[in-house]
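Protein chains: 2
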Amino acid sequence: MSGGMDSCVAAAIAGERYALYGLHASYGQRTEASERRAFEAQAAFFGARGRLVIELGYLARIGGSSLTDPAIDVPDSAPGTAEIPNTYVPFRNAHFLSAAVSWAEVLGADRVFIGAVEEDSSGYPDCRPEYYDAMNRLVEAGTRPETQIRIETPLIHMRKWEIVRRGAELGAPFGMTWSCYRSEGVACGRCDSCVLRLRAFHEAGVTDPIRYEDRPQYAKI
Amino acid sequence: MSGGMDSCVAAAIAGERYALYGLHASYGQRTEASERRAFEAQAAFFGARGRLVIELGYLARIGGSSLTDPAIDVPDSAPGTAEIPNTYVPFRNAHFLSAAVSWAEVLGADRVFIGAVEEDSSGYPDCRPEYYDAMNRLVEAGTRPETQIRIETPLIHMRKWEIVRRGAELGAPFGMTWSCYRSEGVACGRCDSCVLRLRAFHEAGVTDPIRYEDRPQYAKI
Numbered sequence: 035m036s037g038g039m040d041s042c043v044a045a046a047i048a049g050e051r052y053a054l055y056g057l058h059a060s061y062g063q064r065t066e067a068s069e070r071r072a073f074e075a076q077a078a079f080f081g082a083r084g085r086l087v088i089e090l091g092y093l094a095r096i097g098g099s100s101l102t103d104p105a106i107d108v109p110d111s112a113p114g115t116a117e118i119p120n121t122y123v124p125f126r127n128a129h130f131l132s133a134a135v136s137w138a139e140v141l142g143a144d145r146v147f148i149g150a151v152e153e154d155s156s157g158y159p160d161c162r163p164e165y166y167d168a169m170n171r172l173v174e175a176g177t178r179p180e181t182q183i184r185i186e187t188p189l190i191h192m193r194k195w196e197i198v199r200r201g202a203e204l205g206a207p208f209g210m211t212w213s214c215y216r217s218e219g220v221a222c223g224r225c226d227s228c229v230l231r232l233r234a235f236h237e238a239g240v241t242d243p244i245r246y247e248d249r250p251q252y253a254k255i
Numbered sequence: 035m036s037g038g039m040d041s042c043v044a045a046a047i048a049g050e051r052y053a054l055y056g057l058h059a060s061y062g063q064r065t066e067a068s069e070r071r072a073f074e075a076q077a078a079f080f081g082a083r084g085r086l087v088i089e090l091g092y093l094a095r096i097g098g099s100s101l102t103d104p105a106i107d108v109p110d111s112a113p114g115t116a117e118i119p120n121t122y123v124p125f126r127n128a129h130f131l132s133a134a135v136s137w138a139e140v141l142g143a144d145r146v147f148i149g150a151v152e153e154d155s156s157g158y159p160d161c162r163p164e165y166y167d168a169m170n171r172l173v174e175a176g177t178r179p180e181t182q183i184r185i186e187t188p189l190i191h192m193r194k195w196e197i198v199r200r201g202a203e204l205g206a207p208f209g210m211t212w213s214c215y216r217s218e219g220v221a222c223g224r225c226d227s228c229v230l231r232l233r234a235f236h237e238a239g240v241t242d243p244i245r246y247e248d249r250p251q252y253a254k255i
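Heads up: the protein sequence lines correspond to chains A and B, in order. Each residue of the first sequence is one higher than the one before, counting from 35 in our numbering. Each residue of the second sequence is one higher than the one before, counting from 35 in our numbering.
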């Protein structure tokens, strides 16, 4: 649970069938304080039976991403470009999933839910279905024979607006979520993550309850 | 590079063809001080161009292993039992490899070497070839399209004594390695890891240069 809207909706979906344990990663990302607050609020909202915050400080030492390296600026959103943006943290989701699977194996949990989304995910390679197929094969090969953990990605084929719609139906606490890559406290409204979020709420016809410094024109409607 | 003999020999093999960067993980394991010293000495010996120590303190919080939980005793070696021993850390190697792949992608490195050994590895699921096949597929799916990283496991099909023999041929610094799961400073000679190591040196006809509290009979020859 990053604190963002996708993992919030994924948690709402998982919570329909399962008791929840919440995992959050702190990896030196710019907006960690806001993300952590969002995680704690959501974990309480969903009645999580356990919480685990993992510290992956070494991801910032490894670098290579504007999300973890203060020397690289987070760019304004540039939709339509095919390139992977500099917010990409190399092989990031493998770290989150490894921790989730280790914890799941100790807890005896059956499922790991992650709110990865292919279509609107800025082209990150670790948000594609084939990545999760490969990860599920790895989990099968790398855990005890009696362990049966499956990673589920209920949002992977959804459009961002569908996620908002589904979250609204399930009563997901969007007011407790944080998406901005750039600012703390009040969202910037201009980075990739803010722009995708605002467009999604707009297209879904749902009001985004959080505050923005600067809302793009189409979202003011 | 755990500090143990397998990763030491894997580094010696990798160093024949590649410039090396050394990665070590600290995850609350009992003998971390000795392992860390062994890593630093070996990284210097091999002339590593870079070193990265990752702190996975949350593995101890996740628990489930005698290697990271002081409340669970490390058992004496019980060869011949088919069960996975309690030194198994759930899904551990995925954490190490995720960090290695993230770092490799930023460095532009081609290969990740790991000293996993199937036959003498106490039945850990993440020491089998199919696990590394699955991991290589994950790396392909989860990194940038232009990234070409392969994980190599040069020891995976070797017997432990063959590893000692190969290391001796390559001049691997066995005196700088640490294998014991139980003690710091002087190896116990009785845990799984010590027993496998002593037997391997014995079978290879090579003298193990490190000190033991208590050498099993067959190793005194």
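In short, the hints are calculated from the structure, not lab data. Hints are not guaranteed to be accurate.
[Said to hold, decoys possible] Incomplete in silico selection of chain B near chain A, CB under 7 angstroms: (1) S60; (2) A94; (3) I96; (4) A128; (5) V135; (6) E139; (7) E152; (8) N170; (9) R245.
For each residue, glycine too, the CB sits at the ideal point set by N, CA and C.
(message) Does the closest beta carbon of chain A sit nearer than 7 angstroms to the beta carbon of E139 of chain B?
(response) The hint holds - E139 of chain B has a Cβ within 7 angstroms of chain A, the shortest such distance being about 4 angstroms.
(request) Please verify that hint: V135 of chain B, Cβ, nearest Cβ of chain A, below 7 angstroms or not. (result) holds, 5 angstroms
(request) Using Cβ atoms only, decide whether S60 of chain B comes closer than 7 angstroms to chain A, and label the hint accordingly. (result) violated, 10 angstroms
(request) Identify whether the interface hint at A128 of chain B stands, where standing means a beta carbon of chain A within less than 7 angstroms of its own. (result) A128 of chain B check passes; min Cβ-Cβ to chain A is 4 angstroms, inside 7 angstroms.
(message) So, as I understand it, the hint says N170 of chain B touches chain A; can you test that by seeing if any CB pair is closer than 7 angstroms?
(response) violated, 9 angstroms
(message) A94 of chain B was flagged as interface toward chain A. Is the shortest Cβ-Cβ separation under 7 angstroms?
(response) violated, 11 angstroms
(message) Just to be careful: measuring from the Cβ of R245 of chain B to every Cβ in chain A, is the smallest value less than 7 angstroms?
(response) violated, 32 angstroms
(request) Could you check if I96 of chain B really has its C-beta closer than 7 angstroms to a C-beta on chain A? (result) Since chain A brings a Cβ to about 5 angstroms from I96 of chain B, closer than 7 angstroms, the hint holds.
(message) Next item in the hint list is E152 of chain B. Is there a CB on chain A closer than 7 angstroms to its CB?
(response) violated, 12 angstroms
Figure legend: structure checked against the earlier numbered hints; hints not met, in rising order: 1, 2, 7, 8, 9.
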